[in-house]
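*Asks:* For reference, the chains in residue letters:
Protein chains: 2
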Amino acid sequence: MTRTAFFISDGTGITAESLGRSLLAQFENVEIRMITKPYIDSVDKARALAEVIEATAVHDGEQPIIIDTIVDEKIREVIRGAIGFKIDIFSTFLAPLEQELATHSSYTVGRTHSIGKDEVYMDRIHSVHFALDNDDGAHTHQYGKADVILIGVSRCGKTPTSLYLALQFGIRAANYPLTEDDLDEDGSLRLPRALAAHRHKLFGLTIDARRLAAIRHERRPNSRYSSMDQCVQEVGQAEGLYRQMHIPFIDTTRFSVEEISTRMIAEMGLTRRFSPR
Amino acid sequence: MTRTAFFISDGTGITAESLGRSLLAQFENVEIRMITKPYIDSVDKARALAEVIEATAVHDGEQPIIIDTIVDEKIREVIRGAIGFKIDIFSTFLAPLEQELATHSSYTVGRTHSIGKDEVYMDRIHSVHFALDNDDGAHTHQYGKADVILIGVSRCGKTPTSLYLALQFGIRAANYPLTEDDLDEDGSLRLPRALAAHRHKLFGLTIDARRLAAIRHERRPNSRYSSMDQCVQEVGQAEGLYRQMHIPFIDTTRFSVEEISTRMIAEMGLTRRFSPR
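So the protein lines, in turn, are chains A and B.
Just so we're aligned: the first sequence equals residues 1 to 277 in full-length UniProt numbering.
Just so we're aligned: the second sequence equals residues 1 to 277 in full-length UniProt numbering.
A hint or two may mislead.
If several chains are the same, the list does not tell them apart, and a pair holds so long as it fits within one copy or across any two.
What the hints assert, rightly or not - Taking lysine-lysine and the DSBU-like style, the derived pairs with C-alpha atoms no more than 35 Å apart in a straight line are: (1) K86 <-> K145; (2) K74 <-> K145; (3) K74 <-> K86; (4) K145 <-> K45; (5) K45 <-> K201.
In case anyone wonders, no lab produced these hints; they're calculated from the structure.
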């Protein structure tokens, strides 16, 4: 039996969905279809959505779960009137918070908030362009301005991680590929010259060789680049370098980009320029 | 008087922080210092943090606000023991949800969840590389595979938006710059040839000319490119094209990247390949 959950918001829906998914992830044995409905910012939109909710209840034979962060009282009332099991985040927590902070919230006053943007806009633009300009070792002369320099073999996840750090936290992340150009005579990797002066900024990424081969195979099928032998060798050399040089590193096979980024921030003590929304 | 809020998690802290910021944003007249503490996944780490919380309470002269999503009962108890005004998201909502779903949650069983990753990993990699390969009109032959094609003048926010859509939702977004190359004799913009076959995928971005001039000025100071006259003209031509061709568009001056992306998804009915965490 499948249940349906609606995450409803008068804004982006990011908070309602984030909380909703976290809560429902605790129920692994229940199949739940999750639907996000952002920008429900008028009574008309709420009425149309209430009809969808009613139809879903009939279809499922069970009342949907409704998790909302709507601020406007009139709009909220329409959703409240629909059949559903309701989790009202704001009304649950804001009343006790108002008491603790001894003041009224905009919520009880009925004012909607837009996401603050001016303060983060320029930092975001800068950080994203920094990540792009310094992707894949393209330039190394800006490493003095980098907050962190990600290193690792080709296609181990450096670029998505650099971009996530830029977009979500305003962190300036360069990334540099470890390649055979930096192999010593004994077959071990040495620290590329461009990185030597920035050792305290280095963070290594590694990856399961099988996953790496699969990813590379999609790019260049049946090449030496994507062969299992080559991947095993490169990953071994990279991890050898990290260990020898005491460079902290993380396995991107085991973690999501969110986890890699937040662990890196915690481990290296990086300062975010702004906060995720 | 400044209060302190701690967002505490045994994982990334994204849910606790997202909810915490949403709740506290409703109290504009209270100055609140917000601190996220992810990966509090051992009793020792919790004890060290509890000491920080106690010291903060003494320093502030007020108990901190504590918003947590810790699953492990032993770790949670340590934090619970600290001085603070506690908002316990999971215990508040999971008990009623357990009743509604007629089953126990992993939370009450005490199991921690990692963020699902395998299912999103490849989609993410693909989408990010799609955005990069198709940034700034670099290629146009892949537009058949694009979910959306962002258009707009140089530096209006196309690249950060494309990358956000890729990282958070797995949406394949190309972007194409509107330039003077596509001006008609009468001084109005015509739809670039590469875009004509994909009109239903087009989404326009516009920007306040003053903001645009400031952004461009940082890149090329005192140039024609960054002059107010030039910016006013280009923005006017772009908006003229959107209106004439009935291309939906949004003003990036007024909205954050999160808002632009989620509004675009809603307006164009785009399908996410995965969900934000």
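*Asks:* All hints, please: hold or fail.
*Replies:* Status of the hints after comparison with the structure:
no.: 1; hint: K86 <-> K145; in the structure: neither (48 Å within a copy, 39 Å between copies)
no.: 2; hint: K74 <-> K145; in the structure: neither (50 Å within a copy, 42 Å between copies)
no.: 3; hint: K74 <-> K86; in the structure: both (16 Å within a copy, 30 Å between copies)
no.: 4; hint: K145 <-> K45; in the structure: between (47 Å within a copy, 32 Å between copies)
no.: 5; hint: K45 <-> K201; in the structure: between (49 Å within a copy, 25 Å between copies)
The structure fails to meet hints 1 and 2 from the earlier list, while all remaining hints are met.
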